[in-house]
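Visitor: Kindly produce the complete structure, drawing on both the sequences and the hints.
Using the working numbering, you'd call the opening residue of the sequence shown number 12 and step up by one each time.
Calculated from the structure, these hints are not laboratory results. Computed from a predicted model, the values in this text were never measured in an experiment. Glycine included, every Cβ here is placed at the ideal spot set by N, Cα and C.
Straight-line C-alpha distance at most 27 Å; calculated DSS-like pairs for lysine-lysine: (1) K85 to K155; (2) K435 to K571; (3) K640 to K678; (4) K703 to K678; (5) K571 to K451; (6) K594 to K440; (7) K461 to K424; (8) K472 to K432; (9) K550 to K461; (10) K594 to K333; (11) K556 to K472; (12) K85 to K133; (13) K701 to K678; (14) K150 to K103; (15) K155 to K142; (16) K368 to K402; (17) K144 to K282; (18) K282 to K103; (19) K133 to K103; (20) K461 to K312; (21) K155 to K144; (22) K133 to K155; (23) K390 to K366.
Simulated DEER-style distance windows between Cβ atoms: (24) S484 to D393: 46 to 56 Å; (25) D132 to R374: 52 to 62 Å; (26) S611 to H267: 51 to 61 Å; (27) Q441 to P492: 26 to 36 Å; (28) S124 to S86: 20 to 30 Å; (29) A608 to M340: 18 to 28 Å; (30) S485 to Q692: 52 to 62 Å; (31) T496 to S86: 46 to 56 Å; (32) A503 to D393: 41 to 51 Å; (33) T345 to P388: 29 to 39 Å; (34) K451 to H324: 17 to 27 Å.
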Amino acid sequence: METGSSVSKGTFAYKGKKRSIDADQYFKRSDTLGTYRQRLDVLQEAWENIDTQIQILRSDLNSKIFDDLVKFAKSSHESFTLGGGQIDSTPKEIPTAAFVTGVNTPDHGVMFSTLVTTLQDKVSPLVAILKSKDCNSVKNTLSKTLTQLFQNPLLFSEDDEAIPGNTKNMTCSMSTLVSWYQDKYNTNNSSPKKRKSLGGGSKDLGQYPPIVILFEDLESFLPHVLQDYISICRNYIGEIPLVFVFGIATSVSAVHRLLPNAVSSMLCMEKFQAPPSTEYLNMVINQILMTSRYPFKLGSKVFQLLLDIFLYHDFSVLNFIKGLQFAMMDHFFTNPVSHLCCSVEELEDRVTSLKPKEVEQVRRLMSFRGFVEGCPPSKQEDMLLNDKVTKLEFVVLLRRIHTYHSHLYPVLKCLHIMVSKIPKHPLGKQLREVYSRLLKSFICDTEDYKECIELLRMTSKDELMDLLQQCRSSLTEDLPPDLSTLPSDLDALLDRFLKIDEVTEEETPENTEESLHLEKTDLHTLRKRLQEEGKKKKKLSPYEKLRNETIDFFDSLFRKYLVCPTSLPLYEIFYYDAWGEIKRHLNASPRSVVQMALSSPHHYLQCKCCESEPGSVTPSMPDICIAYKLHLECTQLINLYDWLQAFVTVVTTDEDLDEEKIKNPDKELQARFIRAVSELQFLGFVKPTKRKTDHVARLTWGGC
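Guide: Rendered as structure tokens:
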């Protein structure tokens with residue numbers, strides 16, 4: 012055998028260069044009017060503005076809890092000195108922040124990455140974050156910790172030596188970390204140049220910055236790994252300033268479930284509670300969707316679907332935002348005239364530049380067709396045939412929607428305040444619930460709204476004044492002109508309630524003209540007359556009159572401005588309500604998708620070779636589809652040899668088909684069959700059985 016030859020030959024696959032995706036190609040596929048570039052520009056600009064606002068909201072939401080964590084990490088080792096350890100020689104516990112983040116685990120990655128950046132900027136550049144998937148042993152945990160600390164680019168300035176690249180050969184132990192820390196931060200033995208760069212570019216981090224170690228998903232760590240790691244770190248707490256941050260999704264009791272008393276006693280824990288994800292969601296909805304700054308809106312079905320996914324699946328605001336982003340993308344992708352979904356300043360120019368085909372596309376919208384049918388016959392002809400007149404009408408209608416949005420949200424907040432304290436919350440407890448009801452239909456015609464109005468007519472004086480004060484506080488200074496007098500109207504009502512005790516009841520003069528004639532009559536007529544007289548004599552107190560007047564004022568206000576958006580002409584340009592597309596992409600049913608892919612691969616591959624009649628099998632189909640269709644014809648136990656023969660019969664062409672090849676298929680066909688069966692086993696359609704070694708058991712029945 013030659014020395015240069017290899018015993019085994021292998022094929023090595025290399026990852027090719029990532030192909031750049033041109034968005035124009037995707038838009039051109041569905042573009043019939045030539046507006047894809049305009050739609051793409053509007054989409055990118057709109058999402059950039061929304062994403063910037065979302066980042067600001069996230070920063071504002073977490074700012075307080077992050078400030079508390081920064082303060083905790085800074086104050087944990089204020090008295091630390093090298094060489095002598097702590098001033099107090101008694102054994103110290105490891106300062107630990109029990110950071111309760113909530114069960115919205117998809118959002119934790121963004122939260123902890125922001126926390127790491129904050130700690131590195133304000134506390135110490137020595138920050139490491141550990142995840143359970145990378146820490147299946149103590150050695151891996153120590154290696155992950157040291158690698159992040161030693162290769163941190165914040166520790167090196169431009170004049171320093173190169174950052175150490177390979178840390179695989181170093182000794183993964185805490186003594187290595189202690190030696191490195193003492194060598195780097197021991198100012199007595201370091202040069203002036205080194206002392207100048209100790210901070211690593213950070214500002215005012217102290218002489219001995221603490222080493223902060225974050226555990227992102229504490230509940231997922233192996234208990235014995237976590238216990239050993241904490242015990243090792245506890246032995247070096249006098250030589251290096253360690254601080255732990257435990258990311259806990261459930262409650263602090265999870266720490267006691269993972270750690271025995273002997274280990275948990277080594278920690279000095281302090282609890283920190285992150286804001287609930289529902290608070291973040293309310294901020295996103297109130298300041299992104301329920302504002303006139305951003306023209307794009309979600310329809311009732313899509314909005315409710317995204318809320319249901321959040322409330323009943325993952326509590327993830329990040330996934331809600333991704334759903335919003337997908338809805339925007341699909342809206343601008345599928346709607347040829349969606350570039351009209353822009354700010355009111357750009358509206359007239361965009362409408363004026365519409366081409367005849369685009370004008371005709373807008374005319375086809377169902378809401379505009381209904382609007383035209385309600386116009387006089389003379390105007391109908393102009394709007395259907397005269398593009399100039401139609402464009403002018405487009406501008407009026409689109410501006411009306413912008414005006415509707417500016418009026419809607421201040422009044423909707425007032426409605427939520429008025430009905431939020433009603434028992435059983437007929438219209439919903441949260442503002443988002445009231446908004447969802449508004450998107451479906453005219454809310455003032457619903458039975459729940461009428462019930463709320465009736466209950467408000469029985470409100471006490473103190474409660475009603477409190478509601479009026481809250482409504483007054485919710486109104487900002489940038490109200491539209493039509494609502495500019497609303498704050499003063501509410502102030503006037505409050506003043507009248509304050510002075511209600513000074514108002515005396517007006518004495519109504521007795522009506523002497525009408526008298527009860529003593530005539531012979533039957534009992535039924537007398538009873539009816541007495542009831543009518545009783546109703547006439549019933550008087551309302553000054554407060555009851557003012558209360559009814561106040562409720563009537565709000566009722567007329569709500570009926571005027573809280574109309575359903577689907578009743579507005581051209582609402583399709585602003586509102587996206589393709590509920591089926593969102594559900595198919597974000598909340599698909601795995602079983603139906605897998606079944607469709609295996610039984611009809613043409614549905615996803617979009618190739619003619621796989622297109623066939625239902626129930627038939629063609630050799631051009633993928634191997635797993637052929638094996639899947641053949642297994643549907645079998646009973647509970649499937650003979651592998653019979654299955655293989657049927658597979659070979661299907662995939663072999665007529666020219667190559669002979670009895671010998673079916674009985675003894677070549678190795679390539681056997682390998683293809685084995686791979687197809689393995690994939691079906693992975694998907695859960697078959698499994699091995701001990702009853703017969705050459706058989707597999709079928710696991711699915713019926714449609715699958």
